[in-house]
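Build out the structure end to end from the sequences listed, making use of the hints.
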Amino acid sequence: MYELGSWLFFAMISKLILLQRLALIILLILGNLLAYGKAQSWCFNNGNYTSNSTYKSNLDTLLSSLSTNVDSNGFYNASMGQSARDTAYAHVFCRGDVGLETCSSCIQNAASGIVKICPYQKQAAWLDEFCTLRYSDENIFGTRVTSPTIISWNVGNASSPNQFMADVRTLLQDLRDAAAGGGSLRKVAAGNGSSIDSQTIYSLVQCPPDLSPESCSDCLREASDLPIQCENKRGCRVLKPSCNVRYEVQSFYNETRLRELQALLTPPPLQQPPSSSLPPGPPPTPGRSKKTIIVVVVSIVVCLIVAVFGGIFFIKSRKKKPMERQLGSTHHINVAESLQYDFNVIKAATNDFSNANILGKGGFGAVYKGELSNVEKFAVKRLSVDSGQGDVEFKNEVLLVAKLQHRNLVRLLGFSMEGKERLLIYEFVENTSLDRFIFDPIKRNYLDWDTRYKIIGGISRGLQYLHEESRFKIIHRDLKASNILLDGEMNAKIADFGMARLCATDETQGNTNRIVGTYGYMSPEYAMHGQFSIKSDVFSFGVLILEIITGRKNSSFRNGENIEDLLSMAWKYWRQGTIKDIIDPALMANLESLRDMLRLIHIGLLCVQDNPTDRPTMASIILMLSSSTISLSVPLEPLFFSTTSYNSKIAMFPAYDSKEFELTKSSTQNKSDHTTESSKNVMSMTEFHPR
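For reference, each letter of the sequence shown is one residue, going 3 to 693 in my numbering.
Calculated directly from the structure, the hints in this document are not laboratory data.
Backbone N, C-alpha and C fix where the C-beta goes; we use that ideal spot for every residue, glycine too.
Careful: at least some of the hints might be erroneous.
[To be verified] Calculated pairs, DSS-like style, for lysine-lysine (alpha carbon to alpha carbon, straight line, at most 27 Å):
hint, residue 1, residue 2
1, Lys555, Lys363
2, Lys445, Lys379
3, Lys456, Lys397
4, Lys445, Lys582
5, Lys405, Lys349
6, Lys371, Lys405
7, Lys397, Lys422
8, Lys379, Lys349
9, Lys363, Lys445
10, Lys555, Lys582
11, Lys422, Lys379
12, Lys445, Lys405
13, Lys405, Lys379
14, Lys379, Lys397
[As the list claims (entries may be wrong)] What follows is a set of in silico ranges between Cβ atoms, one per label pair, in the way DEER data are often shown:
hint, residue 1, residue 2, range
15, Thr580, Phe441, 18 to 26 Å
16, Pro229, Asp583, 34 to 42 Å
17, Glu103, Thr145, 25 to 33 Å
18, Thr63, Asn159, 43 to 51 Å
19, Phe46, Asp583, 47 to 55 Å
20, Arg438, Gly193, 31 to 39 Å
21, Thr148, Gln264, 35 to 43 Å
22, Leu402, Ser81, 38 to 46 Å
23, Asp583, Glu140, 56 to 64 Å
24, Arg438, Leu402, 24 to 32 Å
25, Arg413, Glu103, 19 to 27 Å
26, Tyr448, Ala350, 33 to 41 Å
Below, the structure is given as structure tokens:
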């Protein structure tokens, strides 16, 4: 009897311990579900303030100024107050590769959100993917704070985990040293390294620039000592108030933006005066000084006369030989110089704009293949619409567009004019346009999933550059498959960007009575009301995603006995949970990537929502593309699709992990309630440590 009682006692104890562990695991999972995909804030219990206090007034004034005062490097700190007890200190810094517009928007959201969550706390912190904000009643400038910490990781495991993690740590160490030594304006470093199985690892590490090199290095060292959750994972990020670390097996940062900012920080080399080993001569006498002055003046006058006559001779010789300027030298022409080429040279290079040389046609004109005697190829767009601009205005627009340089934009080499003729000369792209592949029953087989994914990523990066990173904001307004060119390595290059500017003086956002674009790719607000913005391009990008994955044109087509368009069909199949049925059969051989294909269709549906404010920005899209750990919101029904009823219960995608979805209640634009599905990621957790 005694032995039986002991056994029952220990059994109960064991069961309680097991239940306790299970409850802890459930709490962690719930914490993960709630944590990821949203900015997180912490309210520190270091004292409160009252609603009518001087500290609150100072804090409100300070927070409202952060988004407008952040510098081009994404950093700002300031204080507000006269006495020590009423002074508020605030500190913000953005991820080193985001544009100033995205940075300011993130800070503005953080500043407005943190006071709602922490209405009376004197100290608080807000951590977001793109920005970090802290405020306190104590001086926090230049101080290292390592908690709280956000940790999130990719669900995929590395194929050779030991070697992979060793390569990750080597890359993080190299970048840590580079970031810590970055100077007082920026402490950020990004790069990539090779790993086993020809895999590339991309990483970005960062500290706010007010930290000392030692404090930055210590913070990054602690963050780079990856927690157990990140071991053997293909991606991980660690966010702390004073530093952040991230690595992925896909590129996630804006390399162009990083290079631009680095170029601004790099000072020109100092010109050292030439050294001389000659001994100093005797002091000049007055007579000798006069003779020297006369010789110098006469020499200068002679040089000026020679320069004037030389310039006149050069101008005349150019007029006599206008065809001597060949396109082969354009790579070495200074951007500030004229990019104009002789019309007759271009005309001859295209065989008098022969139909045999036509590469394609679009709303802005036909594109011809040109070739010079030195076998250099180029493309010539012959604009079909009179720009209505004067020559000077048109040249200035060309010069502006020619300065836009990005690997995912077709490079504009120059222009030519004669009378009303307007020619634009572009680099020649070998594999023509995307529509020649995805809509061709034979050529589409050349585009496997990795290639299509790379094309989508290239288009997204090119668009983000036009929207946020370029010298002036460009809205494409005619993004379509025929305007996406593919080079020899199947890298996507956006063509016809800036056409709206080049063909007519136009705004870059607002309303217009002159609709340019292609129906099917045009957003509803632009097609029906002439209203356009960067979200108009996002809509077109969403249509492109659906076309690339399904291999179908967005125009109407027969589906059994019904006539449907691509958006309506994608929405219907997505609602039914059978979206994989419309994926291009050429891709179905690679079932390992089915999950990624379904996620990309989800992103495409987010882009084609009716309300522009519901569509994500290109910066957010790039983040979604670069990491499978980002949760996706529920898309609303596209405007071009209408239905009377559908099931309240939604079938889950069979290829998706059921843990990634939850049913939520939402409302569509036509105000019919329905149950929708929202993906939630379980790969994130938050660690909190008191100060």
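The hints, checked one at a time:
Under the criterion of a C-alpha separation no larger than 27 Å, the hint pairing Lys555 with Lys363 is consistent with the structure, at around 17 Å. A hinted pair counts as satisfied when its Cα atoms are at most 27 Å apart, and Lys445 with Lys379 qualifies at roughly 24 Å. At most 27 Å may separate the alpha-carbon atoms for a hinted pair to count; Lys456 and Lys397 exceed this at roughly 34 Å. Under the criterion of a C-alpha separation no larger than 27 Å, the hint pairing Lys445 with Lys582 is consistent with the structure, at around 21 Å.
This hinted pair checks out: Lys405 and Lys349 have alpha carbons roughly 25 Å apart, not beyond 27 Å. Taken as a hint, the Lys371 and Lys405 pair is honoured in the structure, with Cα atoms around 23 Å apart against an allowance of 27 Å. For the hint linking Lys397 to Lys422, the alpha-carbon distance of about 13 Å falls within 27 Å, and the restraint holds. Between the alpha carbons of Lys379 and Lys349 the distance comes to roughly 14 Å, so the proposed pair stays at or under 27 Å and holds.
Note on Lys363 and Lys445: the hinted pairing holds, with a Cα-Cα distance of about 20 Å set against a maximum of 27 Å. Among the hinted pairs, Lys555 with Lys582 is consistent with the structure: their alpha-carbon atoms are about 17 Å apart, no more than 27 Å. Proposed proximity of Lys422 and Lys379 is supported: the alpha carbons are some 25 Å apart, at most 27 Å. Taking the CA atoms of Lys445 and Lys405, the gap is near 34 Å; set against the 27 Å cutoff, the hint is violated.
About 21 Å separates the Cα atoms of Lys405 and Lys379, which keeps this hinted pair within 27 Å; it holds. Between the alpha carbons of Lys379 and Lys397 the distance comes to roughly 23 Å, so the proposed pair stays at or under 27 Å and holds. Look at Thr580 against Phe441: about 23 Å separates their beta carbons, and that is inside 18 to 26 Å. A beta carbon spacing of about 40 Å between Pro229 and Asp583 agrees with the range 34 to 42 Å that was offered as a hint.
Checking the proposed 25 to 33 Å range against Glu103 and Thr145 shows it holds: the Cβ atoms sit about 29 Å from each other. The hinted window of 43 to 51 Å between Thr63 and Asn159 holds, with their beta carbons roughly 49 Å apart. Phe46 and Asp583 have their C-beta atoms about 52 Å apart, which keeps the hinted 47 to 55 Å range intact. Separated by about 35 Å at the C-beta atoms, Arg438 and Gly193 satisfy the suggested range of 31 to 39 Å.
Range check, Thr148 to Gln264: about 27 Å between beta-carbon atoms, so the 35 to 43 Å window is missed. In this structure, Leu402 and Ser81 meet the distance hint of 38 to 46 Å, their C-beta atoms being roughly 40 Å apart. Separated by about 60 Å at the C-beta atoms, Asp583 and Glu140 satisfy the suggested range of 56 to 64 Å. Against the hinted window of 24 to 32 Å, the Cβ-Cβ separation of Arg438 and Leu402 comes to about 30 Å, which satisfies the hint.
In this structure, Arg413 and Glu103 meet the distance hint of 19 to 27 Å, their C-beta atoms being roughly 25 Å apart. At about 34 Å, the CB distance of Tyr448 to Ala350 agrees with the hint of 33 to 41 Å.
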